[in-house]
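Colleague: Here's the letter readout for the chains.
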Amino acid sequence: MKIRLRYFASLREALETGSEVFECDATTIGQLRDALAARGGAYGQVLAPGRSVRTALNQTLVDDAALLTEDCEVAFFPPVTGG
Amino acid sequence: MTLQQRVSIQTQEFDLAAELTALRAGDLRVGAVCSFLGTVRDRNHGSEANAVQSLELEHYPGMTEQSIEAMIDAAHARFDIYAARVIHRVGVLQAGDPIVLVAVSSAHRGESFQACEFLMDYLKTQAPFWKKEQTAEGAHWVDARVSDDAALARWGIQANNAARSE
Chain A
1 MKIRLRYFAS LREALETGSE VFECDATTIG QLRDALAARG GAYGQVLAPG RSVRTALNQT
61 LVDDAALLTE DCEVAFFPPV TGG
Chain B
1 MTLQQRVSIQ TQEFDLAAEL TALRAGDLRV GAVCSFLGTV RDRNHGSEAN AVQSLELEHY
61 PGMTEQSIEA MIDAAHARFD IYAARVIHRV GVLQAGDPIV LVAVSSAHRG ESFQACEFLM
121 DYLKTQAPFW KKEQTAEGAH WVDARVSDDA ALARWGIQAN NAARSE
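Residue numbers (my numbering), protein chains in the order written: chain A, 1 to 83; chain B, 1 to 166.
To be clear, the hints were calculated from the coordinates, so they are not data collected in a lab. One should not assume that every hint holds.
Unchecked claim - For each label pair, taking beta carbons as the anchor points, the in silico distance ranges come out as:
1. B:ASP80 / A:PHE22: 30 to 38 Å
2. B:GLN134 / A:THR17: 19 to 27 Å
3. A:VAL62 / B:HIS76: 45 to 53 Å
4. A:GLU16 / B:ARG29: 35 to 43 Å
5. A:GLU23 / B:THR21: 28 to 36 Å
6. A:PRO49 / B:ALA17: 20 to 28 Å
7. A:GLN31 / B:THR21: 24 to 32 Å
8. A:PRO49 / B:HIS140: 21 to 29 Å
9. A:GLY44 / B:THR21: 49 to 57 Å
10. B:GLN158 / A:GLY50: 17 to 25 Å
11. B:ASP80 / A:THR69: 33 to 41 Å
Unchecked claim - Output of the computed footprint for chain B on chain A, the stretches with three or more beta carbons under 8 Å from beta carbons of chain B:
12. 1-11
13. 23-32
14. 55-63
Glycine included, C-beta positions come from ideal geometry on N, C-alpha and C.
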């Protein structure tokens, strides 16, 4: 399905993009992350298992088990540091 | 009683006194207003090279407002408070600049003190902002702190921010 991806902060810098559209067979956030990491290069580095990355699905924080839907917005970002 | 805007994400400075006045305006039930002001530190660890020249705050437009609105709803559910206001600046700030205001009103002080701290602890670990410090040695992204996760845990909420349970 089609996923609208957003990247922020150090992830955005490492991937050299803040957004992209991705077509994949993944059904969960975890599978999506693995599919992106499998691209290798910067993706393989910043989205590797064990790297501290948080995710939002349609602007709500979720974990790896969350289910994707067609045309959903998924954001990957580092631990937050506001306030 | 008019409904005030609860959350503002903005580049501009804010007027703390005006915000506190607006928070309690027209509500004579209010006996207590508690506020927290966060500012940019010149985080100089004894070396001029590490001094913070400026701080850049990035955020996730849309999600930022929404997440803080939900935190305020949570504060209303937990504490007997009348109103809450959160202003968080984004963009480039200088050392000494105000970053964030959290203000809460209630009948008595206990609820306001607690709700104010709760909102700050929640915001620190869940609101989508990221800080980048500019020093003489270059720019670097600030790391999330495990102590902030611990602060939210005191309220019975697992932060999963700096300390990930993967």
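Colleague: Each hint should be assessed against the structure and marked as holding or not.
Modeller: Outcome of the hint check:
1. B:ASP80 / A:PHE22: 30 to 38 Å: 46 Å, violated
2. B:GLN134 / A:THR17: 19 to 27 Å: 23 Å, holds
3. A:VAL62 / B:HIS76: 45 to 53 Å: Since the Cβ atoms of VAL62 of chain A and HIS76 of chain B sit about 24 Å apart, the hinted range of 45 to 53 Å is violated.
4. A:GLU16 / B:ARG29: 35 to 43 Å: 53 Å, violated
5. A:GLU23 / B:THR21: 28 to 36 Å: 53 Å, violated
6. A:PRO49 / B:ALA17: 20 to 28 Å: 50 Å, violated
7. A:GLN31 / B:THR21: 24 to 32 Å: 51 Å, violated
8. A:PRO49 / B:HIS140: 21 to 29 Å: Distance hint for PRO49 of chain A, HIS140 of chain B holds at roughly 25 Å.
9. A:GLY44 / B:THR21: 49 to 57 Å: 53 Å, holds
10. B:GLN158 / A:GLY50: 17 to 25 Å: With a Cβ separation near 19 Å, GLN158 of chain B and GLY50 of chain A satisfy 17 to 25 Å, so the hint holds.
11. B:ASP80 / A:THR69: 33 to 41 Å: 38 Å, holds
12. 1-11: holds (count 4)
13. 23-32: The restraint on the segment 23-32 of chain A is violated, since only 0 of its residues have a Cβ under 8 Å from chain B and three are required.
14. 55-63: Satisfied; 5 residues make the cut.
Going through the hint list in order, the structure does not satisfy hints 1, 3, 4, 5, 6, 7 and 13.
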